[in-house]
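> Working from the sequences, and respecting the hints, build out all of it.
Protein chains in written order, with this note's numbering: chain F, 1353 to 1694; chain P, 544 to 1288; chain X, 738 to 898.
If you are wondering where the hints come from, they were derived from the structure by calculation, not from laboratory data. Among these hints, one or two may not hold up.
Stated by the list, open to error - Cβ pair distances, simulated, as ranges: (1) F/1482 with X/749: 36 to 44 Å; (2) X/795 with P/949: 54 to 62 Å; (3) P/617 with F/1660: 45 to 53 Å.
As the list claims (entries may be wrong) - The list that follows gives simulated cross-link-like pairs (lysine-lysine, DSSO-like), each with its CA atoms no further than 30 Å apart: (4) P/671 with F/1691; (5) P/1183 with X/822; (6) F/1381 with P/671; (7) X/743 with F/1378; (8) P/1183 with F/1639; (9) X/744 with F/1381; (10) F/1691 with P/958; (11) X/892 with P/958; (12) F/1576 with X/892.
As the structure is a prediction and not an experimental result, all values here were calculated from the model. In this text, a Cβ means the ideal position worked out from N, Cα and C, and glycines have one as well.
So the chains spell out like this:
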Amino acid sequence: MHLMNNFDFTKVTDVESAISSTQKSKGNKIIAGGTNILDLMKYFVTEAETLIDINSIPGIDNITELPDGGIRIGALMTNADTAYHPVVEEKYPLLSKAILAGASAQIRNMATNGGNLLQRTRCYYFYDINTPCNKREPGSGCSAITGYNRIHAILGHNENCIAVFPSDMCVALAALEAVVNVSGPNGERQIEFSDFHRLPGNTPEIDNNLEQGEIITGIELPEKGFSKNYSYLKLRDRASYSFALVSVATGLELENNIIKEARIALGGVAHKPWRVKEAEDFLVDKKANRENFSAAADMILKGAIGFEHNSFKIDLAKRAIIRNCMMALNPESQRPGAKPSL
Amino acid sequence: MDNKPTIGQPISRLEGHLKVTGSAQYAGEYQAEDLLYGYVVNSTITKGKIKSIDTSEAKKMAGVVEIFTHENKPSTAWFDFKYADMDAPPGTVFKPLKDNDIKYNGQPIGLVVADSFEMARYAATKIKIIYEEKTFETDLKTNLEKSRDPKKGLASMLKPPPPKPTGDFNKEYENSHIKIDSQFSHGTEHHNPMEMYASTVIYEGKDKLKIYDKTQGTINSQMYVANVFGLKMKNVQVISPFVGGGFGSGLRPQHQLFMAVMASLALKRNVRVTLDRAQMYMIGHRPPTLQHTQFGADKTGKVNAIYHKAIGETSRFEDYVEIVVNWANMLYPAENTLLEHEIVPLDVYSPLDMRAPGGSTGMHAIEVTLDEIAYRLNIDPVELRLINYSEIDKSSDKEYSSKELKQCFLQGAEKFGWNERNPEPRSMKRGNKLVGYGMATGIWDANRIFGRAEAVMTPDGKVEIKSAVTDIGTGTLTIMTQIAADELGIPIEDITFSYADSKMPFAPIQGGSFTTATVGPAVQNACQALNKKLFKLAKNMKDSVLSEARLKDVQFKEGIISLSENPEVQIKVRDILALNEGKSIKTTNSAMPNPLTYGKKARAVHSAVFVEVEVDEELGIIEVKRAVTAVAAGKIINPKTAESQVLGGMVWGISKALHEETILDHQFGKYMNANLGEYHIPVHADIQDLEVIFVEENDQFVNDLGVKGVGEIGGVGMPPAITNAIFHATGKRIYDLPIHFDKLL
Amino acid sequence: MKIAEKKSITLTVNGESHHLEVLPWVSLLDALRERINLTGTKKGCDHGQCGACTVLIDGKRVLSCLSLAVMKENTEITTVEGIAKNGELHPIQQAFIDHDAFQCGYCTPGQICSAIGLLNENKANTREEVQDLMSGNLCRCGANRGIINAVMAVKENAPYE
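In structure tokens:
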């Protein structure tokens, strides 16, 4: 049953070959940065017959400015190159901050943007092949619900799975309403970011809506980058190099301290980056103050349910939203690693 | 020739160049011909039996040489005592592959040996095991009714049981002006040295092995291998010049050593076994511990009644204990005490001494309780400790050989700026951060035991000092070289300290802050003996100017023996050697405490710790902004390496207080965060402004060098100081460690 | 049981070419340590959680444990053994010795490669930023202060007193 680390290896140099080889067999898996898949394969969580190295595919490792004022970020561009790219730093600093809050400098130098979207949960039980886990082995049960669940979900979960999606980058992408460019056997398509990742439902083993044979080629960002009023806050058990217990990406458009548009996305709380449109709409035409941010936070956390070790996240997330919105009013205050400031 | 004393000089580590260029070789890095790689197979259940283990498919795989399980394990020693090592607790040592019995989750139950690490690891997944599972108990908190006194054994010598009750605790406590009653809980911790456990065994012919082992005691490993596998001691050589961190985990031979030796002897091949990080959680740990304190004090703050009880976890097969409750009365001279330590055997592997074992657990409870007294009586915490200051160890009624703790308080407080503290909780702020100042006392034993060293002076005047002792990053190599240089009066460059080889003179396991005080005097004695031999040769030289001199009249400086009173009267060592017919001068000497006098005084190293924290009022996030530790540890041989030892201890204190804990899931009886991603130790961003002060302390009683050891003291006072600072910042008294920030919401 | 075929690859490490026959599952870290006998690069977790295996690839710091050897052809790999030039220590190496930025020394090669990567990147302006950007390298001995001091000293070109 453990095929995992006995695998073949091949390189492809164009998108079509990547698609056809992954379409051929479920055992053919894409490798780009390798930071997550190799980790999982060493733990025997992920199996592959053949790893398809796509790093040589040209043209998808850079940033293209789009005619509508937005940009396209290549799937093969590294997280670090993306975060430090002058256009991202200037127009989408929220994305830059979120990326730099994740992992370590070394991992960001390796990990690609496409891979960031496809990373798996860090749930202890998912990672341990000797414990039940519906995400790893559908139907085996969820150990986390009755186990140690400090890092687990408070929103969007069900009895099948309470894992969270661990990315920081994707929290910012959700707030920025990115679009994922995908190529597959039936050609190219675009997936709205909010439709890309899934809630566990009855199929917690499926993290996202990519079809078999489809690969991510890029991520498009619309023109609006909230570069004046933005903030990324990440709360965790040490100051760097650990996953979020709660993270918040906030982008605000302000006119004389009146909110014209608001984006708030949460990380570390659900199976996907969490946004509540109702709360963002509520803020429109309201004053940018604690009271209104607090009301929005209540809306975002509506229906949250915690478990034995993570109920604190409900209150913490509300406080984090308020703080991060306040930090967005003064983005210069942000500290390295997305530590709290003000 | 520069010949200032080197003791007291901040000399950079002599092996520094090797370490920064990647040339330092660790146990798993020695090459050998046709080396085989072993990968350990672990039990996936917590308790029960192996009903069947099918290795046939794995064995057929290309490159797999052999698979060892309990079914085909070569014979090893039968008697339990043969497996006992220098740090074995009372009980029955775990014997790998002994039978089909499963005693804990992750228990090593097999070894795959293959021609590459990857193949061995892969083949291990092809072994089919059927278990018969039994119910198990791994939760300390729900098994307290099974708490009992630990058995006593050899290990009790260095870890004495709690002192007998004194006075009448209950009565005094009931009548105390104030009573503080607190309960504490600490989680499991794992040593997690950065280097993973590895043994490279070189098969040198029939029953003769050279072993590169990750250990804190070369002779401990040698003895274990010889006893267990029935080999002659002289045919087992254990070498460990570079050890990538120990922190106690190397005080006992670990099972990769057993496995590698077993395979090497059976296959007559060179074998390396390296554990992986998950397997590093199956080699011992700091036990989870519950504590209860009841301290009674009078109006002036004088503590008159002390109750301190600890209940720690142990395995089903060994009674592991650490010293948790003996400290309070060593510091605070109450006349009425009740100190108890019990253990609860559970279905886990045996705990194992981990940096400042017991001290960093017990002192947390003691010093937090003191802080509570200070608040109740509105007395400054430093003042309260001075009110309860004692020149004697009340628990043994012995005077301290030296105790400059008062200076630690004064100098530490001064450096820290303690007097700027407003004692009112939540009174100090910086922006939206609550600022807290907290302090605590630290104490650790200043012990020494038996050690030996050899000194050889070759005809060129260079000296080699030899000892089996390891240097696990403590600076031992550098320090021993300094001691020898000063004793011999020759420069450091002329001395080679050869160490970490079991063929060399005896040194005990390296731990408990006793290495410098144990091996240092042995090196000193060997050098003195060497000087004596040189002097004798000098006296006997033809027309010797020193013929009438006595040993106590001469000095050894800059390669010259001269009269102390009249250095013009001298003989060059070079000239002595020239007449010695090309022979080396060699001496081997021992050092141990004088059994008649050593026990007459109490001996301890002390510290005062001051910490500033910032707590984000809204989010709970805690930052240790700065900390000052003032240490009184006798003579400091090398302030640079000693400071690093204390700094390291302080980082461990931060980690214990705020970060690290191994999570045992009682559904499965296993550790769920057995990796470095979810077992949090501090990263650089967590470590801010740390400062160390060494207070001058003269102590000629502990040993002739006057050294006490600094390996543990840095970590002892930090957790309570941080806890107390968090209380000062937030008004919240958190008793359980680690303190996750959400507890402050 | 069929095992995948070995691949014939060439790795350029510290300016030298090494021809290897390796299975795809061999990490760059194991290739360096077990095949090329460059054991300066350390294995501390093998899962990208400690930074001990940090090497420089084309000047950038990466984790060799999460790299496959077969994917690193046509790159310039620099390990800790290749940092000193002609017997002369790199300023970071000397600063590590001066500031006692290590104890057991096991995380040191990774810290040094990471620090050089950090200096190459030139993104850290303050001590707090250096601390954050060095946080991918754990040190269990607690030599954190010395490590950051050493990096700051080289960054600011400050001589050690």
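> Work down the list of hints and note, for each, if the structure agrees.
Going through the hints against the structure:
In this structure the hint that residue 1482 of chain F and residue 749 of chain X lie 36 to 44 Å apart at CB holds, the actual value being about 40 Å. About 58 Å separates the C-beta atoms of residue 795 of chain X and residue 949 of chain P, a value consistent with the hinted range of 54 to 62 Å. Range check, residue 617 of chain P to residue 1660 of chain F: about 47 Å between beta-carbon atoms, so the 45 to 53 Å window is met. Between the alpha carbons of residue 671 of chain P and residue 1691 of chain F the distance comes to roughly 47 Å, so the proposed pair goes past 30 Å and is violated.
Between residue 1183 of chain P and residue 822 of chain X the CA atoms are separated by roughly 27 Å; this keeps the pair inside 30 Å, and the hint holds. As the CA atoms of residue 1381 of chain F and residue 671 of chain P are separated by approximately 27 Å, the hinted pair is consistent with the 30 Å bound. Between residue 743 of chain X and residue 1378 of chain F the alpha-carbon distance is near 23 Å, which keeps this suggested pair within the 30 Å criterion. The hinted pair formed by residue 1183 of chain P and residue 1639 of chain F fails the criterion: a straight-line CA distance of about 56 Å is larger than 30 Å.
Between the alpha carbons of residue 744 of chain X and residue 1381 of chain F the distance comes to roughly 18 Å, so the proposed pair stays at or under 30 Å and holds. This hinted pair checks out: residue 1691 of chain F and residue 958 of chain P have alpha carbons roughly 29 Å apart, not beyond 30 Å. Between residue 892 of chain X and residue 958 of chain P the alpha-carbon distance is near 28 Å, which keeps this suggested pair within the 30 Å criterion. At most 30 Å may separate the alpha-carbon atoms for a hinted pair to count; residue 1576 of chain F and residue 892 of chain X exceed this at roughly 37 Å.
The earlier numbered hints that this structure contradicts are 4, 8, 12.
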